[in-house]
Structure formats: structure tokens, C-alpha cells
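Asks: Residues per chain, in single letters:
2 protein chains.
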Amino acid sequence: MSQSTVSEFSQATAVTRQGDHSFTAELDAGWKVAGAVNGGYLLGVAGQALRTVNPNTPDPLVISTFYLGPSREGLVDITTRTLREGRSTASYGIELSQNGAPTISAMATMGNLGELPDDVGTTATPPQLPPPEECVGVAEASEDFKKAAPLIERFDMRLDPATAGFAVGKPSGRGVLQGWIRFVDGTDPDPLSLLTFLDSFPPVMFDLGRFNWAPTMELTAHVRALPAPGWISARLSTRNIAGGMFEEDCELWDSAGRLVAQSRQLARQPRG
Amino acid sequence: MSQSTVSEFSQATAVTRQGDHSFTAELDAGWKVAGAVNGGYLLGVAGQALRTVNPNTPDPLVISTFYLGPSREGLVDITTRTLREGRSTASYGIELSQNGAPTISAMATMGNLGELPDDVGTTATPPQLPPPEECVGVAEASEDFKKAAPLIERFDMRLDPATAGFAVGKPSGRGVLQGWIRFVDGTDPDPLSLLTFLDSFPPVMFDLGRFNWAPTMELTAHVRALPAPGWISARLSTRNIAGGMFEEDCELWDSAGRLVAQSRQLARQPRG
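Chains S and Y are the protein sequences, given in the same order.
Counting from 1, one number per residue, gives the positions in the first sequence under full-length UniProt numbering.
Counting from 1, one number per residue, gives the positions in the second sequence under full-length UniProt numbering.
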């Protein structure tokens, strides 16, 4: 698809300004999974509002989000408040609500990724996984699965066969998922789409044979660089499953081999 | 010291209720480092206020904090707001300000760690480090250092010799620090003190030979279990130093070998 067309993601995350610190948006049913709108998509919507509040700081550097209740398709009210506006970064609070009930409360420090110094001292290494054409396409999922998770049709998502055993009833038990992701309409990644990618893969608990929905309590995302065009590779892992909760880490690497985003979430364990 | 004495930590983090959602506290000069009050200590103060708001949910499960400006010793005003109160967990926003200027904005989900299910499926492993008596006592630091960082006199803190090379001008360059921590007055750890411990060690950048102050932009902490009495061991690491910022992860393990708290912060790189 030509890049001049408005991307599916831009369209679905568009916000309408209602006042200095208030917006509305229409949550799109195409980004649902297990009956609720996906949390990563909601981060994209929040990011659009924050970008509009202050065009000098268009990029989320860090955003921390508390999920207070499930989000439904349709109208959402968004309010922002200024915590601190500096020369190169600015921090805001942002709340999403539907029918008067809060669904998301978040805080973010925004900045301009294109203006950061270009030092890179990363000791982290990118996920080792086969090229996309040798991975398992999530688009090959059953029609029933797609109906329950229309979200997966927004992406071209490929899972490393070594961590995709859950799809054929053979989870590895290691608590790791790896794969590739890009938008199905060919749009290249930008900082806001990284927020969405961080929470779009199947839950890492699938690799432990636990398939029910795992509601996110809180997710913090760092976006560290503008992503190069092309595929994003991802590594999800969990190390501490205890007390009815688990943490899930996600790293996103761009096609130039740069660690562009990191997240950690605390979620409730699936009941199954 | 007998446990019946009020601990230094309890005293220094005490809050005075001023209204349903407002408190004051006196920030104690003994918890300063590099001219400002330590961010981990401030989390303890915030935790005390949140615990007072709702005694049914005394423990922080997850708290995400944005540091908006340095905190000074003396009076701090604290306001909280309810985001969602449920049966077993409750989420709040909390703001600290001094002389009318916001210094900290945070959100937390509180719960009751003693009532969580007792499943533990951790694949993480505790830090491998010598016993405390074979580690480097931070109390052996120079008088000048102690004067600049009275904070370190609140703890009995011992660093793994393998990661304490920075103290003698030989940082390992790996971006890892390990050590032991407990309160110097003998008080055993509780969930609020874990918040403080998470941000009390020397910055992990010291192990990379970069010794200037590294201001935290945002820190998210998960507290996952009530800590057993005794020493807490800690592992701090950074993997992604880029664009003038770095992330620092900290894990705290209790004397029973349980991973009791995890944090990740995004900080600005020291200028030095």
C-alpha cells in the first residue's frame, strides 16, 4: 500500500480536540481481543492526544499506564493535565473514560526522539530468530480465533517456531515468545505504533500453557529511538510468576538492529 | 536495636493527615544524596500516605513515579486522588509538592500482600554474591563522601567486591552492581522499605565509570511479596544506554530466597 494513503493505525488512533486539555476518539472494533479493545492500541490513542497537546514534544519517551477497566469500541473521552513543561521534555497526566467511567489513567514524559544525542552503548542483544518467511504467520490462525481477536488482522505477525509451540498445544514452558511484527497495510513503524506493538503479541503466559485472558494492571513503556522502516522484532519474557500475578517484559528492535522500545507490565494471572 | 523502638525509617516517612486526601510530611535531611532528598526515600513517604488513605490495601503492588523536580528537606504537601477502589486492590494518584511546586507525580495500585495466593513460579535466580561479611561496606566510604551522601548512613550496605571496583577507580564496565542492604538500626524490611531500597544503591552507571548524578525521570516498582526478616540482596543492571538516557533495573531478594521487588527506571545520563 502506498504511504500516501492514511494508514489504518493513524485513522484508528485519531483524536478530535474538544478543548485545551480535552479530546474525544472513536475506539475501533478492529483492534479488539477477547471482547475488549487492546491495551496497546489504547496507548496509541493516548499518544496521539499527548502529541496534539504539545507539538514540540511529539514522542513518548516514557509512559506509565494503569488499566482501571475494560475499554469498549465507540466513543472515549480523553483529558490531559500538564505536570511540567520543560525545554526539551514535558510531562503530562492523561485519563481515558467511557460513559463517565475511567478506563485508563496514565502519565507520560514526552520529548523529541529526532533531537536526542546519537550515543548508543547498548549491551542488550537483539532476539535470535529465523527470518520472517521461516516463522509462523499468526494470519494462519483459525477463523474462530480471528473472530475472537480481530486485532491480529491489523498486523503481519510471525512467531519464532521455537516459541510458537503453544499454537499446536506444545508450549515450551520457558516463558518466552519471539517474533516479527509490522502493520498489515505496509505502514512503517513510528514511535506511537511501537507503543501498540509492545502489547500486541499473544501473552507470554501462552508459552507456559496458560491460555486465558491475563488482564494488565500496569504497563510502563520506554521509547528510546525513532524506528527504522521495515520489520520490528520482539522478545517477550516473564521471570516472576507469583501471588496471582506475573510481570511481562517486551523488547522491540528495528530493522537496523537498534533497541527502540522496552516495556514491563504487571498482569493478573489467567484463571485457566 | 529492639523492634519496639520506632524505627528511623518509620519516623522519617511519617505523614500527618490534613484532610481526606491531603497530608503533610517533613522530609528528613538524613536521607539526602548529592544535595537532594533521595527518590527511594520519597517513595517510602508516598507509600505511607497511600497506606493511610485506605488501610484495607496497605501494600504497594505497583507504583509508577515521575520525578518532576528535586526535593529538599523540610515540609512537603501530599495530595491523593482515588482512581478505582475494588474489593482486593485500589488505585490512586498521588502528588508531592514543596512551596507550591510539584516535585513528584505518581500512581499506584495498592493491595494486601499477606492475602495473595502463595503460588511461586519464578524462573529468575537470586544474585550470586559473597556473604555480607566478605563484601565491601559502604560505611567505609570517606568522610567527604558521607557528608555528600548522608543517605548511606541509614543503611548497612555491602557491595559485591566483583562490582565494587568503581570505589577504587576500577569499574568493571559491565553495567552491573550487586550487594546487600538492611537498615542500620536493625529494623527488618517491610513492603515500604523495599521501595526505598530499590533506589538507594549507587547508580549502576558507577560501574561504567560515570560518577556524576543521574537524575531519575520515571521509576516503576513492583512489590511482589512480604519480605522475610534479615538481609535483602540486590542486583542492579543497565542494558540500554542511548540518546542521553539509560534504563536501570533493580531486583531485591529476601533472606528466604524470594524475589520480593523489581524496579525499572529511566534516567538521564550523568554529564560527567
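Don't read these hints as lab results, they were simulated from the structure.
Be aware that a few hints might be false.
Stated by the list, open to error - Simulated pairs of lysine to any residue, SDA-like, Cα-Cα distance not exceeding 20 Å:
#1 Y/LYS170 with S/LYS146
#2 Y/LYS32 with Y/GLU73
#3 S/LYS170 with Y/GLU73
#4 S/LYS147 with S/ALA256
#5 S/LYS146 with S/GLY165
#6 Y/LYS146 with Y/ALA36
Claimed, not checked - Derived list of chain S stretches under chain Y, where covered just means 3 residues or more per stretch with a C-beta under 8 Å from a C-beta of chain Y:
#7 131-137
#8 178-191
Unchecked claim - The calculated label-pair distances, taken between Cβ atoms and stated as ranges, are:
#9 S/PRO131 with Y/ASP118: 26 to 32 Å
#10 S/GLY173 with Y/PRO117: 16 to 22 Å
#11 S/ARG271 with Y/GLY100: 36 to 42 Å
#12 S/ARG271 with Y/ALA124: 21 to 27 Å
#13 S/GLY257 with Y/PHE211: 52 to 58 Å
Since this is a predicted model, take the numbers as computed values, not measurements.
Every residue gets a Cβ at the ideal spot worked out from N, C-alpha and C, and that includes glycine.
Asks: Hints first: check each against the structure and report whether it holds.
Replies: For each hint, the structure was consulted:
The suggested pairing of Y/LYS170 with S/LYS146 is violated, with an alpha-carbon distance near 56 Å, which exceeds 20 Å. Taking the CA atoms of Y/LYS32 and Y/GLU73, the gap is about 8 Å. The hint holds against a cut of 20 Å. Of the supplied pair hints, the one linking S/LYS170 and Y/GLU73 is violated, its CA atoms being roughly 57 Å apart against a limit of 20 Å. Restraint check: the Cα-Cα separation between S/LYS147 and S/ALA256 comes to about 34 Å, which exceeds 20 Å; the hinted pair is violated.
For the given pair, S/LYS146 sits about 18 Å from S/GLY165 by alpha-carbon distance, which is consistent with the 20 Å threshold. The straight-line distance between the Cα atoms of Y/LYS146 and Y/ALA36 is roughly 14 Å, inside the 20 Å bound, and the hint therefore holds. Given as covered by chain Y, the region 131-137 of chain S fails the check, having 0 residues with a CB less than 8 Å from a CB of that chain where 3 are the minimum. For the region 178-191 of chain S, the assignment as covered by chain Y is violated, since 0 residues bring a beta-carbon within under 8 Å of that chain's beta-carbons and 3 are needed.
In this structure the supplied range 26 to 32 Å is violated for S/PRO131 paired with Y/ASP118, their Cβ-Cβ distance being about 44 Å. Between S/GLY173 and Y/PRO117 the beta carbon distance is about 20 Å. The supplied range of 16 to 22 Å therefore holds. The given range of 36 to 42 Å is broken by S/ARG271 and Y/GLY100, whose C-beta atoms sit roughly 47 Å from each other. S/ARG271 and Y/ALA124 have their C-beta atoms about 23 Å apart, which keeps the hinted 21 to 27 Å range intact.
Here the CB-CB span from S/GLY257 to Y/PHE211 is close to 30 Å, at odds with the stated 52 to 58 Å.
Going through the hint list in order, the structure does not satisfy hints 1, 3, 4, 7, 8, 9, 11, 13.
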